Amino acid sequence: MKNENRMTFGRLPRVAAAATVVLGLIASAGPAGAWSLEEASAPYKGTTIRTIGEALPPLEAMDKLKHIFEERTGITVVIEMYEHSEAVNKVMLDLNSKRGRYDFILQPHRELGRFVANGHLTPIEKFMDDPKLRDPGFKPEDVLYQGLWKEISWYEGKPYGFPFTALTMYLWYRDDLLQDPKEQAGFKAKFGYDMQVPATWEQYRDLAEWFTRPDEGFYGTAIQGRRHEALWYEWLNFLYSFDGDMMEASSGSECGPIIVNSPAAVASLDYYKSLIEYSPSDTLNYFWDDVMVAMQQGKVFELIMWNDATYAVEDPSQSTVSGKMGFDIVPQGDGGKVGQVEGWTYLIPEYATNQEAAFLFIQWMMEFDQQLEQHMNGGASARPDVYGHPTVQEITYSKASMDTNAVAIAKPTIPESPEITEILVLELSNALAGKKSSQQALDDAAVSMGKLLGDCAPLKFPVM
Amino acid sequence: MSVRKRVDRLLDKGVGPLFLAPSVLLLVVLLLGPFIYMVVLSFTDLSYALPGRDGNFLGFDNYRRLMRDDPVFWESFRTTLTFVFGVVSTEFVLGFALASLLFHQIQRRRFVLTLLLIPMMLAPVTVGLMWKLMLQGEFGMLTHYLRAAGLLDPQTALLGDHRLVLWIVMLVDVWEWTPFVTLVILAGLLSLPREPFEAAIMDGARPWQVFRDMTVPLLRPILALVALLRGIDAFKEFDKVFILTGGGPGNATELLSIYTWRINFRNWDLGYGATSAFMVYLVVLILCAVFYKAIYWRAGGGQG
Amino acid sequence: MTRAWRMAALAALIVVLVIALTPYVWLFMTSIKSRLDALADTPVWLFTPTFEHYPKVFLDKGYLPMVFNSLVVAGTVTVLSLAVGVPGAYVFARHRFPGKEDLFFFFLTTRMAPPISVVVPMFLLFSYVGLVDTRTSVILAHSTFNLSLVVWMMRGFFEDIPREIDEAAQMDGHTKAGMFFRVLLPIAAPGIAATAVLCFILSWNEFLYALILVAFESRTLTVGIPGLVTPHGTLWGQVAAVAIVATLPIIVFTFLVQKHLVRGLTFGAVKG
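Residue numbers (my numbering), protein chains in the order written: chain Y, 1 to 464; chain P, 1 to 304; chain R, 1 to 272.
If you are wondering where the hints come from, they were derived from the structure by calculation, not from laboratory data.
This one's a predicted model, so the numbers in the text were calculated from it and none came from an experiment.
Worth double-checking, as some hints may not be accurate.
Dumping the calculated PhoX-like pairs for lysine-lysine here, alpha-carbon to alpha-carbon at most 25 Å [as the list claims (entries may be wrong)]:
(1) Y/Lys435 with Y/Lys451
(2) Y/Lys150 with Y/Lys126
(3) Y/Lys158 with Y/Lys132
(4) Y/Lys64 with R/Lys61
(5) R/Lys61 with Y/Lys90
(6) Y/Lys132 with Y/Lys45
(7) Y/Lys188 with Y/Lys324
(8) P/Lys293 with R/Lys100
(9) R/Lys100 with P/Lys13
(10) R/Lys56 with Y/Lys64
Which stretches of chain Y does chain R cover? Using the computed rule of at least three CB atoms under 8 Å from a CB of chain R, they are [what the hints assert, rightly or not]:
(11) 73-85
(12) 91-102
Think of the CB as a built atom: it goes at the ideal place given N, C-alpha and C, for glycine as much as any other residue.
Next comes chain Y alone, as it looks inside the complex (with noise of 0.2 Å):
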């Protein structure tokens, strides 16, 4: 069941690319569409609408475009940027007490089922049906990666948006230091082979070991060991490629057997935690934000990280080793070519009292030209013509991107799911700190998962 969530592209993007030049010329060419952006937003000139989310360089790069929309439809649009969780927060508050503060949202994917089930979207079929706010150009059955698509933005067969972000994790390196003469002539000598982009997680644990020198500052790794989401999402990618998961489930939505206890969730834990020795010595109070800034700063050879952080890195005036980079897929264990979906998406809530207005600035915003500007200022768009273009194909990382959207494992959307990320944020982090076995941890995890999940997920691998 795992091999039907994969989603293959191949040669999606260059095809796409291809046809939607064409189309976009005969578009173009022919008679003008009876929709017109400016036509359809006339009822709504001048009112204003909010949204919330991430103070990230996607949202500032929408917010820098979103003036062009203003000018073009007269209807103003409010950003409100917040850093994670509180973005999290201050939506699930809006929308339980039922304000309408917010005209449409951007969400963490995982959080969609628990709205879902709470009532309080609007499937986005209501607004896409409607002839008079519908752009007949954009079909996002053609222009979207459709599993990305799926996975961040539908629930139990309904979509609900689209996607702002289509995230994933991946491999970071320091390229300039592999291809050191100097450095590989000593790790073959003590390793006994050549140094190499690591393929597996030997070779990435001997990488790590190879470039562990405390005294000069330096080290292999770094793990995201604080107690936060982003311990969670880093260790996925490991329970993954050791042929891992959470739960046996053909879908986001669907509840299944919990293997969070398998043998092989168990020895990925057991190798991640192997990784703290190979890390800085406050590794364990790092989140994302923390092991960037230590590879920004050259104190780590490698790292786990986002798609969308990596421009920060490649950035000169806050980065020392821009240029000097490395991208590429997780390394394999058992589970062969893996990667993970994490997006943010569009959502209009059920209490807006700006629904369509909302739809037609999401609608503009998944425009090639949005998309596009929004991708190359450090976002991560869904749309395969965006990835086709020769700009961003000559951005160092984003094959390693597209590698891994191409591999990746869908995670649980139901509404349990940010209670399955708490649960397992604690135990990952007792196992890390020492307190608990990884056997002891993940045990205690499978436990509380069932206890929250119920009948539909037995434990697989029950605990004595």
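Put chains P and R on the given structure of chain Y with help from the hints.
Relative to the frame of chain Y, chains P and R by itself:
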């Protein structure tokens, strides 16, 4: 009676209720209201996360769950108690020592005292931030000097080690609040009458005898007051620990307030969160009642 | 005391002062260090200061409105708490009525309410009345603990005024209310000033209520501080700049009010 006289009457006799009513009203609405709502919530299953849990009445289920089924709560309780006893006793000893020092030895007290007060006047969030900066594992100033002095090995960071982190957090609290204890005890020392002390010294009493048999007993009400005030505030501690460690690593620094926050704002289990919140409030209320007795004991019958 | 004791005491005091003040000094230095200096492996004590972080965070990042919000909130809270609390304190000081001390105890418990216990019900109640998107919700929340502070502190100040003054004023023909406004208040002015400053400080520094109850446009400075810890990398220079600005009024006010701090912090039980 003429209107003028009626108004005057009101401004005379009616002053009591007129002046007092607004504050009582405001507090009843703003605090009693939420308090009652909190208690009510604790008997429901309200959850923002799980569908169908709209606030159905659960009887005592939440309380039973807290008492029997929630080892994390009790561990958090233990952590909080360790924190409270640890910081209050340390601040006490250090504060008393510092107050005595200032009392006996230092002339320009006011200026020194004002400087000393800065730790406690800063926003707790800022305090958490400052110490986070200094204790950071790679570029933290304190971490660096501790390692240079050989007290810390390069692979350990104070905030990342679950055995050390609670003590560190307690040390930060001691740094922040010892000035408070110093200030109050100093005020107490200054308010003591001089003659009995001078007489005792003339009679040949030694300093530690004077301290044990005179200073401490006379100061006892004030000491009780300080201990209780600090105890209550320590029990409620949230801001700086939240910034410093977020309750981690693991649950090493998960104080009750942080645990309650997690139930409410991570799990969105508002019914159960209210139960936990109520327990915290209960302990504080009990401590308040004890404190109240203490200061009125000191005043010897109350003021007004 | 002998010379040696003197010296030892002075040395101890200096050590204590260094411990008390160094973290703050370090924070200030971080706010004027370049990123490289701030994140250097070996702590840097001598460096070329740069003031770039201040305009960057307050102007570019738009944190200046937060200063304004903090000012408005703290100011309004102070005025509100004083307006409502000072008359109330007077009643406790001068009048006798059944249940007086029990009512006073009630005021104490409101000061002691753990914010975490009350903030969720408060949020829910405020959303029912539609107050959540405004500064009003935070102002009201802060008033809960400041109101009792005012009552407790001012009761002591009023009790310090001899009753003879009251009697003299009444013989002059003032009504009770008139006497309160025209005679007692001016006398109690220093106490009111001290109380006002304490109110302001407590509201300015507050975190949890502000975090939960405040909307985007009305965010206060204390809430803005954690918001600077982002996946871009914690911009320590900017975080420190915000924190320093947040502490400026506090430092100033502490110097102004330290005489009356003891009374305020011990609820009037100790005079200082």
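Problem - Pair hint outcome, lysine 293 of chain P versus lysine 100 of chain R [Cα-Cα no greater than 25 Å] - result: 15 Å, holds
Exercise for the section: Decide if the proposed pair is consistent with the structure: lysine 150 of chain Y and lysine 126 of chain Y, CA atoms, cutoff 25 Å inclusive. Expected result: 17 Å, holds
Handout entry: Given pair status - lysine 324 of chain Y, lysine 188 of chain Y, alpha carbons within 25 Å
Key = 22 Å, holds
Practice task
Decide if the proposed pair is consistent with the structure: lysine 158 of chain Y and lysine 132 of chain Y, CA atoms, cutoff 25 Å inclusive.
Solution key: Holds: lysine 158 of chain Y and lysine 132 of chain Y sit about 21 Å apart, inside 25 Å.
Practice task
Report holds or violated for chain R covering the stretch 73-85 of chain Y, Cβ cut-off 8 Å, minimum 3 residues.
Solution key: It holds: at least three residues are needed, and the stretch 73-85 of chain Y offers 4 whose Cβ sits within less than 8 Å of chain R.
Handout entry: Given pair status - lysine 90 of chain Y, lysine 61 of chain R, alpha carbons within 25 Å
Key = 20 Å, holds
Problem - Holds or violated: lysine 435 of chain Y to lysine 451 of chain Y, with C-alpha atoms at most 25 Å apart - result: 22 Å, holds
Exercise for the section: Would you check the hint for lysine 64 of chain Y and lysine 61 of chain R, treating anything up to 25 Å between C-alpha atoms as holding? Expected result: This hinted pair holds, its Cα atoms lying about 14 Å apart.
Practice task
Would you mind confirming whether the straight-line C-alpha gap from lysine 56 of chain R to lysine 64 of chain Y stays at or under 25 Å?
Solution key: 18 Å, holds
Practice task
Quickly compare the C-alpha distance for lysine 100 of chain R and lysine 13 of chain P to 25 Å and report which way the hint goes.
Solution key: 17 Å, holds
Practice task
Take the C-alpha atoms of lysine 132 of chain Y and lysine 45 of chain Y, compute the straight-line distance between them, and say whether it is at most 25 Å.
Solution key: 15 Å, holds
Handout entry: chain R covers the stretch 91-102 of chain Y, three or more CB atoms within 8 Å, holds or violated
Key = holds (count 4)
Hint check: no violations occur; every hint is consistent with the structure.
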